[in-house]
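Asker: In order, the protein sequence lines correspond to chains A and B.
Each residue of the first sequence is one higher than the one before, counting from 3 in this note's numbering.
Each residue of the second sequence is one higher than the one before, counting from 1017 in this note's numbering.
Since the hints were derived computationally from the structure, they do not count as laboratory data.
Bear in mind the structure is a predicted one, so any value in this text is a computation, not a measurement.
All residues carry an ideal CB built from backbone N, CA and C; glycine is no exception.
One thing to keep in mind: the hints can contain errors.
Here are the simulated distance ranges between beta carbons [as the list claims (entries may be wrong)]:
| no. | chain 1 | residue 1 | chain 2 | residue 2 | range |
| --- | --- | --- | --- | --- | --- |
| 1 | A | Asn67 | B | Ala1045 | 39 to 45 Å |
| 2 | B | Asp1145 | A | Ala118 | 57 to 63 Å |
| 3 | B | Pro1061 | A | Arg95 | 50 to 56 Å |
| 4 | B | Ala1108 | A | Pro25 | 42 to 48 Å |
| 5 | B | Ala1126 | A | Ala118 | 29 to 35 Å |
Residues per chain, in single letters:
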Amino acid sequence: MKDLTEEAQTDRKAWMGLMAKAPAEALLSAFDAAGLAQDFTWLRVPETGGVMVRGRAGATGAAFNLGEMTVTRCALKLADGRVGHAVVQGRDRRKAEVAALCDALMQGVEAGAVRAAVLDPLAAAAAKRSGTRAAKAAATKVDFFTMVRGE
Amino acid sequence: METRMLEGGFADAPVGSAHAFRAAMQAMARPGRIEAIRGGSGPAPLSEAAATLLLTLCDPETPVHLAGAHDTDDIRGWITFHTGAPLVGAGAAVFALGTWEALAPLDRFAIGTPEYPDRSATLIVEMADLTPAGATLRGPGIRETAQLSLPEEMAFARNAALFPLGLDFFFTCGRSLAALPRTTKVS
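Just chain A, same shape as in the assembly (with noise of 0.2 Å):
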């Protein structure tokens, strides 16, 4: 494995999680409509499988199974030696492969294409949705004030 610096790993996993939760149709017209295709071989060809998530009740609870999730994953080698993988949630091998091909080439030239065609329109569109989410919940909101505060 390169030794990647902390920083580039966490960056990875952040634009490799980002495309995981994306919606397929939002990954697949994003990279369609910049161009980025290139020729790849198949490291890995898509498969689809479960994976058990697991949760940890607070912070030092017990650790459980929160349930399965169907991904796909792929691995994928560009003509230049750039590898790419993706896990992707779903069942959609076109999107586990798109993924890859990010993956591949964000660790190249094209990093900056990809990452103002694919990964911040994705980025803008999760924060929104989870935005929307936010504000909707926080109208639920109740503050309870107390006589004595005891803080």
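Following the hints, position chain B against chain A.
Answerer: Only chain B this time, still in chain A's reference frame:
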């Protein structure tokens, strides 16, 4: 380059592994027959037959032991990426890979228990050559006798005496595969 570990899987996994499994099954069912097996390729010194066998038979529930010259970082990485099999010491292995000299002594490997004789190790022995000449084989799956260029005879005779416990063997050389189950008598 790390890509050495990532390459070499089946081009078409369902079809490739089905062909490979059939070859392994035929080799084990008719001891002495040399089957052709191909599809996988791993880092040196892994032969194509051994690589294909590992891809077909190993998964996260089959610990693998690498012996001698086969215990390299490249091969470990290759097995981990393509099969997910854990890499363990000899006693815990379900599959063990190496040359005959590296796998000796054979008593390190599990031979099963009377209740579960299948909880034994299967040894994948990488050979310099594999020809239908040498030791004589008799037993289930063999009409009369068969000949196979085994590395020695004593060890297999001792193994057959342990029946129903014991080890099972695959022999690989290039793209050729032969097998010896524990039921075969070697002389």
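Asker: Compare the structure with each hint and give your call.
Answerer: Right, here's what the structure says about each hint:
At roughly 40 Å, the beta carbons of Asn67/A and Ala1045/B sit within the given window of 39 to 45 Å. About 58 Å separates the C-beta atoms of Asp1145/B and Ala118/A, a value consistent with the hinted range of 57 to 63 Å. One distance hint, 50 to 56 Å for the beta-carbon pair Pro1061/B and Arg95/A, is violated here, with the actual separation near 35 Å. Take Ala1108/B and Pro25/A: their Cβ atoms lie about 44 Å apart, and the range 42 to 48 Å holds.
The hinted range of 29 to 35 Å is not satisfied by Ala1126/B and Ala118/A, whose Cβ atoms lie roughly 56 Å apart.
When held up to the earlier numbered hints, the structure conflicts with 3, 5 and fits the remainder.
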